[in-house]
Amino acid sequence: MKETLKKYFRMNRLPHIWCPGCGNGIVVGALVRAIDKLGLNPDKTSIISGIGCSSRSSGYLNFDTVHTAHGRALTFATGLKLARPDLNVIVLTGDGDATAIGGNHFIHAARRNIDLTTIVFNNNIYGMTGGQYSPLTPTHSKATTSPYGHIENPFDITELARASGASYVARGTTYHTWELINLIADAISHKGFSVVEAITACPISFGRQNKLGNAPAMMKWQKENTISVKAASKLPAEQLAGKVVIGELYRRQAPEYTAEYQKVIDRVTGGNGQ
Amino acid sequence: MSQTMLVQGNHACALGALAAGVRFFAGYPITPSTEIAEILAKELPKVGGKFIQMEDEIASMGAICGASLGGFKAITATSGPGFSLMQELIGYASLAEIPLVIVNVQRGGPSTGQPTSPSQSDVMQARWGSHGDRGVIALVPSSVQESYQLMIDAVNLAERFRTPVIFLMDEVVGHMREKLVIPKTTPTIINRRKPEPGELPYAPGPDGVPALPPFGEGYHFHVTGLIHDETGFPTGSPEVTEKTIKRLHQKLENNMDEILRYDELHSADAEYLIISYGCSARSAEEAVRMAREKGIKAGLLRLISIWPFPSDLIEEKCARFKKVFVAEMNYGQVTGEVTKVLGRSKVQPVLRVDTQMITPRQILEAITREGN
Ligand code: SF4
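Which chain is which? The protein sequence lines are W and G, in order.
Each residue of the first sequence is one higher than the one before, counting from 1 in the working numbering.
Each residue of the second sequence is one higher than the one before, counting from 275 in the working numbering.
Among the clues, some could well be false.
[Unchecked claim] No more than 30 Å apart at the CA atoms, straight line, and that leaves these computed lysine-lysine pairs for DSS-like:
(1) 453(G) with 468(G)
(2) 468(G) with 7(W)
(3) 191(W) with 517(G)
(4) 316(G) with 263(W)
(5) 44(W) with 220(W)
(6) 211(W) with 37(W)
(7) 468(G) with 6(W)
(8) 44(W) with 320(G)
(9) 320(G) with 453(G)
(10) 591(G) with 520(G)
(11) 468(G) with 517(G)
(12) 263(W) with 320(G)
(13) 223(W) with 2(W)
(14) 468(G) with 44(W)
(15) 191(W) with 316(G)
(16) 220(W) with 2(W)
(17) 620(G) with 591(G)
[What the hints assert, rightly or not] Across the chosen pairs, the derived CB separations fall in these ranges:
(18) 515(G) with 130(W): 33 to 41 Å
(19) 220(W) with 511(G): 37 to 45 Å
(20) 467(G) with 19(W): 28 to 36 Å
(21) 241(W) with 519(G): 48 to 56 Å
(22) 455(G) with 5(W): 56 to 64 Å
(23) 467(G) with 11(W): 54 to 62 Å
[To be verified] Covered by chain G, according to a simulated footprint, are these stretches of chain W (three or more residues, beta-carbon under 8 Å):
(24) 44–53
(25) 229–235
For the record, the hints were derived by calculation from the structure and aren't laboratory data.
Heads up, the beta-carbon is just placed ideally off N, CA and C, and yes, glycines get one too.
Turn these sequences into a full structure, and let the hints steer you where they fit.
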């Protein structure tokens, strides 16, 4: 690790608990580099996570951090951000955490367009509990709870976020590290609810069950099956079938919740609200 | 100048919260608690505070946890079914020692039950609703005036002991209109203690209560719902687990002198003692008066702080009685606790679960029956 980045980590909490080859560390590395790039004040930055493999990352990061209950990270973050709009609040969550148990909170945080940055670590599975299917598990995949092949349809987190009202939506992968850093930095800078889906390899709980090979093989999958927004825009729809589009997918300027609430305070106090 | 008004208990509760320094409310509408949200939606922005209606009760609890970590005094208000949904994060706030107040204006249950009818059937839910063993404070007001005053205490106790406090109202107290006198003197306000330099975030002080720094001031501390040591970080250690669980109880039990609240009416010379609380205590009070008119020496012990259960108080106050009556509007939730202390033969329940207010006559009849 670069010496200058060490200050963002609780070095005494490392090494982390993640399996060898897990992509979670790459996403956390990208987040820290994005924070560094933006020069965020660590005292004014809070990291809030849910429950699951990726959500353990809050404990490794040297900020004010909360490891909440399963699916509830966005609710804590909403309360903290509304109470303290002066803080940068970043939410780290997994695919199951964000879209199953936390699905309702996810769409409503997006709908409010509250200024939070949510990074969804998408490993397509429940890793920490040993490989049960999540709302992001691709149809026909194997999971410990779909031993005969998964028959449900997965969510597309980015479409879900956009349709619900998020004002910045992006997708990256752990293979495209530098781009992921930039996407996260853009998401944090964006005023409003921003979502970055980070596709990350879980060789242990997802990869093994689905015979996807080791960690490098899963990274290779990310490389070969993704296409940048720019490249995708030039291709006809039929050539995009099976491809995962990465990059900044959506951005709009829209009224942000805490700023709108401040206007209410200003209105009722005649500008004397604290 | 003091201010006098005619308001509902729910209204008084909201005003008490404001007086106590509450500046954040998150909630989800549910009868019969909704007025608390409505009043705070209107009043909070006037004092620079924040109100948010969340997507459900779980989210409301999460939001007040987050706001409290941000240094705000935060509350939510709900009723039975919503209270059930909140239990996950009430447990979280207990273990992570986040100060909050949860108002539960009780309705009849189980399930959606009787939404607009009075009930006191969440006494045990307040104690045991959340998973795991944890300490808990619950306060029960009996009048509109008390809803105001006691709410200030509830917020103060939450800050003082870094714990969620359950404010256990009932439909009758919540919706009844009475005179509320807001005293002109500003109430005593307790603010959470910040750690001294070098003090660990979850290191308990001599009273068992750790200091809680707000987010955004450079402490960089970690909050988790996992069992954690004094640094705030998770540990699997059996010793730390035992120590933590015990401390969550003991920080309250060892400070009962600060938490215990009760009221007595004619108990000194009483031959018959009624134990009651909340709206039922109003009927019990009237029953005492009616009994006295008939020459029966009845008295009342009204519980105001109901958790931690005041077992020592009950033991002491009831020692000289052959029989003690417990009047409540449920299937015997406090009756069971009193029985634990006094034994079955000594306790006579006076219960009501048919959505109707327990009446003074019902209580009086129980006493008279016993006397004959
Ligand atoms: S189970 Fe999967 S996601 Fe979890 S730590 Fe292991 S590799 Fe990573």
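Here is how each hint holds up against the structure:
A C-alpha spacing of about 38 Å is found between residue 453(G) and residue 468(G), which places the hinted pair above 30 Å, so the restraint is violated. With a C-alpha separation of about 24 Å, the suggested pairing of residue 468(G) with residue 7(W) holds against the 30 Å cut-off. Distance check on the hinted pair: residue 191(W) and residue 517(G) sit about 44 Å apart at the alpha-carbon level, beyond 30 Å; violated. Among the hinted pairs, residue 316(G) with residue 263(W) is consistent with the structure: their alpha-carbon atoms are about 14 Å apart, no more than 30 Å.
A hinted pair counts as satisfied when its Cα atoms are at most 30 Å apart, and residue 44(W) with residue 220(W) does not qualify at roughly 37 Å. For the proposed pair residue 211(W) and residue 37(W), the alpha carbon gap of about 37 Å is over 30 Å, so the pair is violated. Only pairs whose Cα atoms come within 30 Å are accepted, and residue 468(G) paired with residue 6(W) is accepted, the gap being roughly 27 Å. About 26 Å separates the Cα atoms of residue 44(W) and residue 320(G), which keeps this hinted pair within 30 Å; it holds.
For the proposed pair residue 320(G) and residue 453(G), the alpha carbon gap of about 24 Å is at most 30 Å, so the pair holds. Taken as a hint, the residue 591(G) and residue 520(G) pair is honoured in the structure, with Cα atoms around 28 Å apart against an allowance of 30 Å. Our distance criterion of 30 Å between C-alpha atoms is met by residue 468(G) and residue 517(G), whose separation comes to about 22 Å. Note on residue 263(W) and residue 320(G): the hinted pairing holds, with a Cα-Cα distance of about 12 Å set against a maximum of 30 Å.
For the given pair, residue 223(W) sits about 25 Å from residue 2(W) by alpha-carbon distance, which is consistent with the 30 Å threshold. Our distance criterion of 30 Å between C-alpha atoms is met by residue 468(G) and residue 44(W), whose separation comes to about 17 Å. For the given pair, residue 191(W) sits about 27 Å from residue 316(G) by alpha-carbon distance, which is consistent with the 30 Å threshold. Taking the CA atoms of residue 220(W) and residue 2(W), the gap is near 25 Å; set against the 30 Å cutoff, the hint holds.
Of the supplied pair hints, the one linking residue 620(G) and residue 591(G) holds, its CA atoms being roughly 13 Å apart against a limit of 30 Å. With their beta carbons about 23 Å apart, residue 515(G) and residue 130(W) fall outside the hinted range of 33 to 41 Å. Taken as a hint, the range 37 to 45 Å holds for the pair residue 220(W) and residue 511(G), whose Cβ atoms sit roughly 41 Å apart. For residue 467(G) and residue 19(W), the hinted distance range of 28 to 36 Å is not satisfied, since their beta carbons lie about 41 Å from each other.
Range check, residue 241(W) to residue 519(G): Cβ separation about 55 Å, and the 48 to 56 Å hint holds. For residue 455(G) and residue 5(W), the Cβ-Cβ distance of about 60 Å falls inside the hinted range of 56 to 64 Å, so the restraint holds. Under the hint 54 to 62 Å, the C-beta atoms of residue 467(G) and residue 11(W), about 29 Å apart, miss the expected range. Counting residues of the region 44–53 of chain W whose beta-carbon sits less than 8 Å from any beta-carbon of chain G gives 3, enough to reach three: the coverage restraint holds.
Beta-carbon proximity to chain G at under 8 Å applies to 0 residues in the region 229–235 of chain W; the threshold of 3 is not reached and the given coverage is violated.
Hints 1, 3, 5, 6, 18, 20, 23, 25, counting from the list given before, are not met by this structure.
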